[in-house]
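**Student:** Quick mapping for you: the protein sequence lines, in order, are chains A, B, C and D. Going by the working numbering, the residue at position 419 of the first sequence is 419; the numbering climbs one at a time, nothing skipped. Take the position in the second sequence, starting the count at 1, then add 1000; the result is the number in the working numbering. Take the position in the third sequence, starting the count at 1, then add 2000; the result is the number in the working numbering. Take the position in the fourth sequence, starting the count at 1, then add 3000; the result is the number in the working numbering.
By construction, these hints were calculated from the structure, which means they are not laboratory data. Among these hints, one or two may not hold up.
[Stated by the list, open to error] Heads up, simulated DSS-like pairs for lysine-lysine below, C-alpha to C-alpha not over 30 Å straight-line: (1) Lys3100/D to Lys3032/D; (2) Lys359/A to Lys439/A; (3) Lys203/A to Lys158/A; (4) Lys158/A to Lys2439/C; (5) Lys3116/D to Lys3100/D; (6) Lys359/A to Lys2439/C; (7) Lys1062/B to Lys1013/B; (8) Lys160/A to Lys359/A; (9) Lys3116/D to Lys3032/D; (10) Lys1062/B to Lys3053/D; (11) Lys108/A to Lys439/A; (12) Lys2439/C to Lys3116/D; (13) Lys160/A to Lys203/A; (14) Lys2439/C to Lys439/A; (15) Lys158/A to Lys439/A; (16) Lys2439/C to Lys108/A; (17) Lys203/A to Lys108/A.
This is what each chain is made of:
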Amino acid sequence: MSPETTIQAALLTPVIGAVLISLCGRWTNLRETVTLVTAVILFSLVISLYPLVLEGGRPSLVVGEMLPNLSIAFTVEPLGMLFACIASFLWIVNSLYSIGYMRGNNEKNQTRFYVCFAIALASSVAIAFAGNMMTLFIFYEALTISTYPLVTHAGTEKAKRGGRVYLGILLSTSIGLLFLAIVWTWMIAGTLDFTPGGILEGKASNTIIGILLALYMFGIGKAALMPFHRWLPAAMVAPTPVSALLHAVAVVKAGVFTVVKVIIYIFGVDFLSVTIDPDWLLYISGFTILAASIIALRSDNLKRRLAYSTISQLSYVIMAAAILAPLSVLGAALHIAVHAFGKITLFFAAGSIYTASHKTEVSQLDGIGRRMPWTMGAFAIGALSMIGVPPTAGFISKWYILHGAFDSGQMLAVGIIIVSSLLNASYFLPIVHAAFFKKEIESPNHDDHGEAPFTVVIALTVTATITILLFFFPGIFIDLARQLI
Amino acid sequence: MLNRASILRVVSKLLIPPIMVFALYVQFHGDFGPGGGFQAGVIFAAAFILYALIFGVDNARKVAPAWLTRTLLASGLLLYTGVGVVAMMLGGDFLDYSMLATDQKSAQHLGITLIELGVGTTVSGAMITIFLIFDGRLRAEKDD
Amino acid sequence: MSTQLPALQVVLPLLMAPIALIIRNPRFVWMLTLIVTWTTLAISLSLLMQVLDSGTITYRIGGWAAPWGIEYVLDKVGAFVLVIVSAIGSLVMTYARRSVEQEIPAERIYLFYTMFLLCLTGLLGITITGDVFNLFVFLEISSLSSYVMISLGRDRRALTAAYRYLIMGTIGATFYIIGVGLMYMMTGTLNMADLATLMPAIADTRVIQAALAFLTVGICLKLALFPLHLWLPNAYTYAPSMVTAFLAATATKVAVYILIRIIFTVFGGVNVFEILGLQNILMTLAIFAMFAASTIAIYQDNAKRMFAYSSIAQVGYIILGLSFASETGMAAGIIHLFNHAIMKCTIFLGLGCVALRMGGVSIRDMYGLGTRMPWTMAAIVVGGLSLIGIPMTVGFVSKWYLVRAALEADMWPVAVLIVLSSLLAIIYVWRIVEAAYLKPAPENAEPVSEVPLSMLLPLWVMALASIYFGLDATNTLTIALDAADILLNGGLQ
Amino acid sequence: METFYGLFNYWIVIVLMMMGFYMVIAQHNLIKKIIGLNVFQVSVFVFYISMSKIKGGTAPILTDGIEIYSNPLPHVLILTAIVVGVATTALGLALTVRIKDAFDTIEDDEIAILEKEDQERERGTIS
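The task is simple: from the sequences and hints, build the whole structure.
**Tutor:** Written out as structure tokens, the structure is:
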């Protein structure tokens, strides 16, 4: 297959999968097989492009003109490759997990769930491969819309409110700010293609560049930069596999991916550092990191704590990109991947706990590690990765970000990373400690539970293992990310 | 009531035919003097309405049932557009009368006469319909 | 024969209207109307091809040359609008039979189709004519027939809605002929092209300025520009479903077309926006319309009424585009004319389906309909997303060009206002979405089945069109840009 | 003074127009509104016809010895406008009749109250 056809196939596979899933809605086993098969095909298609991209190839596909001189086009470059790999791989794991979770909890409307999931994945892959800002924006919005039914899956009043916040913030930032920024960019630059080194150099005054940067950074609501972070905890009402998808892979990663992409390919790292040096972005992302960590520390609900942890981890990526040093950009790209694996493990664990014992609060978890050793073991690995302790993958990305920050003398950033690591430790480690070393609280209801369903355990074991493996073999991502700088 | 209005009855019986003839005069005189379909239509309808006022709407309905007035209304419009379309079919533009006959002058004559006739029919049909419908809308709906 | 197409376009529905009146069999009349509408679509498409190939077409009625006789002139703008009107007409007609059978008493159905044909005649005639007075006649044909169509609605409030529309519409039309009279007084001609050549010399006179004022106000009444919109919400709410769909998609659009013709063709040689501060007035009103009408829409419980207000807001977008008086702005206005026709038609057709099954279109009627009438609701959602301006729908294309026009004109606050007002659309569209998908159906609800295919098909053609033209807007935009170019730089040629 | 007498036809037009317009706005009776609308339209007819009159001109019929005649075109236009006006009036009256059937009144303000009741009933039955 030529690279163009591969891209085409990769984009179409989940869509066709969605159609098939909706057709097979009545036969649950068949439906779930279709989901898994689609996920596997998608991953193998994406991974088949990997060697080519690694060699420096940039396969591209132009679908057609949407507006005059503005095409829907796809180009596979290292960062997109990285994102697509993670998303498509984790879809397999997540599907496996979903099957166990959805059945274990007897969720309704499962067909709609799988269909929307497939469409969300199609949008994510399209975002990853987008060749210009227009294409990216189109699928960015498609991702928002297709995940809305997932967030409101429960159909309760609470789900509805969560959905409102989710949609309200994501749509209003993207239409209100990002859209404006894109139109403006197009008028200034005359193109929206992602070009190494940026497209804005020498075309507008520094003030305008500054305003544009702000519009982009706040407009990309999915990156959850404060004060537009509220959608993430609100979306916690969704079933856990969705939270895992939203908060570890597709949605939030699409956000920070877009941020990095905009900084590298629209503004250009060098151009930004010589013109406006966006210190304010450092401050805001730094503030987000610390503030979100503190909120996480104070929340007892496990998923909520994880959500705020995600907000803070996302701002690592933004801050790393804003440092504008080569190594920190590399770190930013790596952190997208590393955080995905770590966070999805944590969410899987949270969902696993819920499925087995229906516990949602941190304070209820005393002694649960003895009943669910696999789950809590994986949780511990994920937590270590969040903190950045070797031998977990989290260490690698933090290392590069710190290195970059030192190189460019951004001591503030260094300080923030160190403080936040301590905060991370203080809200994750007590959970691990309580789970394994505290005595279980006597409770009449949930006494007799063991591990979660088999597929759930498999899924979280796989992601936890990969979190460790990535520490030893980070090459697969570093080699890709190196091409960015 | 009607019996006491015998003067009206006699006078209107005398007047209605001349009014109608006058309507026709105005109609066919229209192409080379003051007059034309609009005026003729209204005059013709006036004669009819006078009849209805004096002799009662039920009698008037016998003369002009709903289907008739409606057909009148429609056929006038059909005649009008029909002439235009025939001109088109004969190779001219829409409403280009010169196509209707070999001789220029008589073609124009024919064209405008037909058009005015269409207008007259429609206008009188419309006026009568409006009058009758206002009088007995429900009867008009049911009687056919 | 192809040279006769411009006349045939208008004459065909006009000729068939009396036949429909005579025949009166509902089934037959529907078939007849259906054939007529599809034929007019074919004609208008071939006219569009001709115009794209060889430029402006002119046609003399009765063979009389231009300044004396009535002339039909079709340039790219006109041809484009012609296609919009006839395409919407034919789709709506395909959809109509079941909906009309349910909503209109059997003995009046023939009347409805006759009026529909007349209305179509009027709208097509307005679009194609090159004569300002002839335009008035067609305007009144279409208006009178639409009053009748509105009054055929089941609710008794349809009657008062039609009555109020009649009063307002007549005032608007009368204002229009006052304006025409004043222009005629100064120039002695009614032909648009002729007027356009004579206008620059006398543009400074007070008579012409008064004429412009009368024309603008009159037309703005017809197109329901805020605050002259008061007739619209009730008329749209209580009219039969398919009438709402048809009028919302065509009537106001054609009124906008008249405004374009007057401002940019008749007054083409004059910088009208300088006179009377027209630009500022239109722009301010347009922005008010966008916000006020969207805000009112949020609080409506009746979905038809909600989207009626949304139409007023969308008219604001179109007028805003025109008021930039730049090529991009004009193209934005024209493209939104097309796009809004598509999306509003989708929504109102969808609401017609809901009305067919549920008997009403209040938000409460839609509880739980997402699973009970999945196809209908999905189409409404597509239309709604388009109203918001989500990418991959036509609404996005319009918004893209509007924002661009605002930025090009260095009016970034206007650009911000455009995006802010589209956020209001999210709120009212999402009320429908939440009702349909997140509210359970009432417990005593009777089982509801999906509407018949004859309604679903046109509905989805519209819905898919609003996706297709959102994904591939190059063709429509090329036409819109060309049209804008002609209007701004050429006038009628 | 010259402008006042010289343009007397326009004054008539304006007075008629404002009278009609005022009736449309101020009258509550639907029939009276239509009458107002007619007066309003008639003012425009007067405007067109007076505009075409030329001092000393005759009716526009071509006969020997007549050089100056009034412009016939506005007459034709106004004929059309009159027909349109008649149609509008007829339709307006027809609607009024049906409104009378449906609401049992033709007073605007009373209808407004009834409509409000309708609306409340609608809300009442569904909520």
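**Student:** Each hint: holds or not?
**Tutor:** Hint by hint, here is what the structure shows:
With a C-alpha separation of about 14 Å, the suggested pairing of Lys3100/D with Lys3032/D holds against the 30 Å cut-off. Distance check on the hinted pair: Lys359/A and Lys439/A sit about 16 Å apart at the alpha-carbon level, within 30 Å; holds. Restraint check for Lys203/A and Lys158/A: not satisfied, since their Cα atoms lie roughly 48 Å apart, outside the 30 Å limit. Taking the CA atoms of Lys158/A and Lys2439/C, the gap is about 12 Å. The hint holds against a cut of 30 Å.
The hinted pair formed by Lys3116/D and Lys3100/D meets the criterion: a straight-line CA distance of about 17 Å does not exceed 30 Å. A hinted pair counts as satisfied when its Cα atoms are at most 30 Å apart, and Lys359/A with Lys2439/C qualifies at roughly 28 Å. Distance restraint check for Lys1062/B and Lys1013/B: the Cα-Cα separation of roughly 17 Å lies within the 30 Å cut-off, and the hinted pair is therefore satisfied. Restraint check: the Cα-Cα separation between Lys160/A and Lys359/A comes to about 22 Å, which is no more than 30 Å; the hinted pair holds.
At most 30 Å may separate the alpha-carbon atoms for a hinted pair to count; Lys3116/D and Lys3032/D meet this at roughly 23 Å. Proximity of Lys1062/B to Lys3053/D is assessed by CA-CA distance (about 46 Å); at most 30 Å being required, the pair is judged violated. For the hint pairing Lys108/A with Lys439/A, the CA-to-CA distance comes to about 36 Å; that exceeds 30 Å, so the pair is violated. Restraint check for Lys2439/C and Lys3116/D: the C-alpha separation of about 28 Å stays at or below 30 Å, so the hint holds.
Restraint check for Lys160/A and Lys203/A: the C-alpha separation of about 45 Å exceeds 30 Å, so the hint is violated. Annotation: proposed proximity of Lys2439/C to Lys439/A is violated, straight-line Cα distance about 43 Å (limit 30 Å). For the hint linking Lys158/A to Lys439/A, the alpha-carbon distance of about 33 Å lies beyond 30 Å, and the restraint is violated. The hinted pair formed by Lys2439/C and Lys108/A meets the criterion: a straight-line CA distance of about 15 Å does not exceed 30 Å.
At roughly 53 Å between alpha-carbon atoms, Lys203/A and Lys108/A are farther apart than 30 Å, so this suggested pair is violated.
Of the numbered hints listed earlier, those contradicted by the structure are 3, 10, 11, 13, 14, 15 and 17.
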